[in-house]
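S.K.: Going letter by letter, the sequence shown gives residues -22 to -1, 1 to 174 in mature numbering (1 follows the signal peptide of the UniProt record, and there is no 0).
Note that these hints are calculated values from the structure, not bench results.
Just so you know, even glycine gets a beta-carbon here, dropped at the ideal spot from N, CA and C.
It cannot be assumed that every hint is accurate.
[Said to hold, decoys possible] Simulated restraints, written as ranges between beta carbons of each label pair:
hint, residue 1, residue 2, range
1, Gly79, Asn160, 23 to 29 Å
2, Val61, Ser126, 31 to 37 Å
3, Asn168, Ser86, 17 to 23 Å
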Amino acid sequence: MLKTTVWFAAVLFACVWHGSSAWLFSSSSSSSGSSSGSRPRSGWPSFSQLESNYPAYPGVFFGGKTWDELVDDEGLPAWLKGVTDKNTCAMRVSRALTHSGRQIVPGSCNWSGVRDSSRRPYIIRVGTMRCYLENQYGPADVTGSSESSFRGKQGIIVFQNCGFQAATGHVDLWDGSDCSGNCYFSACSNIRLFEF
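Please model the complete structure; the sequences and the hints are all you need to start from.
M.R.: And the structure:
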């Protein structure tokens, strides 16, 4: 009996020590969404870092610059000019990640992207961003289709299965009550939040 108790205590300590305690301490999930609990975020920026490096929209953007000025300042390809509200969401989140110290490594996830003048990769597709987050960060912390599942949590939110004509979805920052850009809870049926 003593050996079993010591073994169980050692396993429990190892799980907690290595950050695998989500099964013990996971947050309860709502009826319309699921949550995998928290885990260590080593090497990833805080939400406030992401928010401060996110080029918001509409109208005037990050640091009082327009999207076209940001394209010039970052040294992004000129063909990205004039696309202010047309599928720039993954590039905005890419900028927030890279300028917050997280390196994006291209090559996996059916890579589709561009690089700035400092050779930092920018993902240009929502599907690629979701794949990157799942491969590098782990599975989404919260999944669902109702806004109430995501209230009070913050991070990178991915909207898919939206029925958009020109886009495969949307990715944004979610502060617990609103998106930095646009939210599509009523238009999309597959929504995932990677908590930061």
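S.K.: All hints are to be evaluated individually against the structure, with a verdict given for each.
M.R.: Going down the list of hints, with the structure as the test:
Distance hint check for Gly79 and Asn160: the Cβ-Cβ separation is about 26 Å, which falls inside the suggested range of 23 to 29 Å. The given range of 31 to 37 Å is respected by Val61 and Ser126, whose C-beta atoms sit roughly 33 Å from each other. The hinted range of 17 to 23 Å is satisfied by Asn168 and Ser86, whose Cβ atoms lie roughly 21 Å apart.
Of the numbered hints given earlier, the model fails none.
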